[in-house]
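Engineer: Listed below, chain by chain, are the residues.
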Amino acid sequence: MVFEEFVPFFQNLYPLFYFIAIVMVTWLVSRIVDSVVRRALSMLPHLILTRVRKGISVFIWIIGLLTAIEQLGLRAEILVAIMVLLGVTVIIALRDILSNIASKYFSDIYVPYKVGDRISVAGYTGSVVEINPLVTVLLTDEGKTISVPNKFFISSIVINETREAWREIIIPILVEKSLDIAEVESEILKRVNKLRSRLDDRFPPTFITRRSSGDGVELTLVTRIKDPMDKDTIVNEINKRISEAIEDVRRRSKGK
Amino acid sequence: MVFHIITITQTPLVRFRIGVEDIVKRFGSVKEFLDLSLLREGEDYILSPGGVTRMVYPFLQRLVNLGGSPWWVSLNPQAPPRVVANGIKIQHISVPTEKVKGYGKAKEVIWGAFHMIDESALQAQDLLWMDEYIDYIYYNRKVAQTVDQLDREEDFDVIYVHDFQHLPLGTMLISIKPRIFRWHIPLEKSLIPDTWISSLELYLNKYDTIIVSSKRYIRDLIEMGYKGRAVEMPPYVDPTQYRTPPREEIEKFASKYNIDVDDKLILIVARMDPMKGQDRAIKALKLVKEEIPRAKLMLVGNGSFSSSKNGIGLGKGERWARYLSSLAYELGLIDSVIMTGYLTQRELEAAYSRADVILLPSIIEGFGLVVVEGWLYKKPVIVSTRAGIADLVRDGENGFIAEPDDIRGMAERIKEVLKNDKLAEELGIRGYETSKRCYIDTVLKEEMEVIEKTIEGR
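Protein sequences appear in the order of chains A and B.
Residue numbering for the first sequence follows numbering that gives the first Met the number 0, beginning at 0 and increasing consecutively.
Residue numbering for the second sequence follows numbering that gives the first Met the number 0, beginning at 0 and increasing consecutively.
Just so you know, the hints here were simulated from the structure itself, not pulled from any lab data.
We treat Cβ as the ideally placed atom computed from N, Cα and C, and that holds for glycine.
Please note: incorrect hints may appear among the correct ones.
[What the hints assert, rightly or not] To be clear about the criterion: a stretch of chain A counts as covered by chain B if any three or more of its residues have a C-beta under 8 Å from a C-beta of chain B, and this derived list gives those stretches:
id	region
1	72-85
2	184-194
3	197-203
Just chain A, with the same shape it has in the complex:
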């Protein structure tokens, strides 16, 4: 076989080369963007940071894969249209549920209350007996249970009447399946314990396991601050340290 006979063969393979090249570039871009986002948003709560990073990564991969697919001669516009339609349908059909889930997500991080606390929200007062993705269940003094949709925790005023609730810091953390929880926990505690002078001595940082999900294990870090004026700064600092600790463990586990 002479060289000229190879040319059409290679020409047929060009789209595949492009496809592979675009996938590789996508991988590289997603890693670089992820690293930049991680550094830039390190003050965000770890749970949100994880979701933001995942969202950006998924977005980059969708764009990259669609571009790559086009190189193979397939029409990406139809795929995009189907995805958009599906997304809109899901959002319209489940908007109430999604708004409650999203509110739960943010109230977990920004509205400090936990099971056992006595709170007032949307005109109702009681002790929190359950927090699930859709509602928070209150037990009133009369023994009635009230299910408050989680969106009210974002849209209305919440009063936590529990003594010294202002001191509490409750930070949800998601430990990915690929990481060793014991290592992550140790690494976070080492870093957060260094803030001891700003925290209440009687309430050292403690982890409580909440649940295991497809993504990993959800933990809550609970501690208390000394000075209410410090709360915002301390919460940001703890979040930063949590992200750093998890990154360290991730790096070490990859290095093994």
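Based on the hints, put chain B in the right spot on chain A.
Structural biologist: This is chain B only, laid out in the frame that chain A set:
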């Protein structure tokens, strides 16, 4: 009803004297579960001393006899990962050496605080912020991961956690199965550093039921904010495990340790640990010998699992044993104080049989199961007022109680028993009757009821 149960203790059922490599050499390979019956007690392994394993083993054994298939998780870094002992499946936990060291140190501080022998108050106050405590949490997390994994595979009915080493487990488990915690050491709120109270309250309230060995601890448990079911239940022994050895065996044992027929033997069965108060007994012996020159003191036991080389390797037991030897030497009692170290079950039976009085001089003690063992052999006992079992002792009726710091008083009690055979016999017989309160069959019914109520959420 036979429960599918998983039990967690720090101390394992057995300590191995041979390594995994030796086992592989001998058997070619190690199956998923190493059958303990293939090994020899005393040569390949020894049974761990201590009250916790002594009561957990017969309890699980009973469950096996009832058709159950219980699991037992414990720390045993140098051991094969899985062992089966008479139908009990044992999962050993191994964590990196440096973490075990940190864990051990933290555990000692906690233990010391509850036993009033905290050598550094500052350390106890700061413990929950220290790296050693992080290692303690690390170990507990590893146990929690193992328990969760096993629960996913086995679907247990109940999770039964033993002793303070595992208290944080409750906050770590993903499994929502009913949880029981058995507190074996003394529990006095007044001894606990302020910085621990909130964490203890959090940890304790993650258990549906907490069992303590003495009524006096229930009050402290509630004062510490525990809202679940608090139950008082003594630890127990299986009396069928203690046989009366033939006379020749007792004589052989006595001869091995140079105990003459006329010698009066005071016996302490306790691990080598300052909390056990063996030093007080040696000092009391000095006073006893002024009137009873043939009195001898036998100290049975070596270091705990924590101080063993194959365990946590803290070396505390060896240090204490050396101190006791030097104390005996200083007091001129070197020939009257016999330190046997570890004894096999058969030797222990001979020791109890030969003893004239059983002494428990602990500075503080969660319960004191060895007193029950002494009662099984109808021996008179002298028990520290600060031991949980003192609740069962009616002074002068089924034994004597003595202040651990009152050396003279302790010596007087010993002399009273050693000089009066009739009194010693009566105390022993009444003590034997009292021991029935701690028989596994007596307590098992109670224990089963508590487990059943916990499972059913009653």
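Engineer: Out of the numbered hints, which ones does the structure contradict?
Structural biologist: Going through the list in order, the structure violates hint 1 alone and respects the others.
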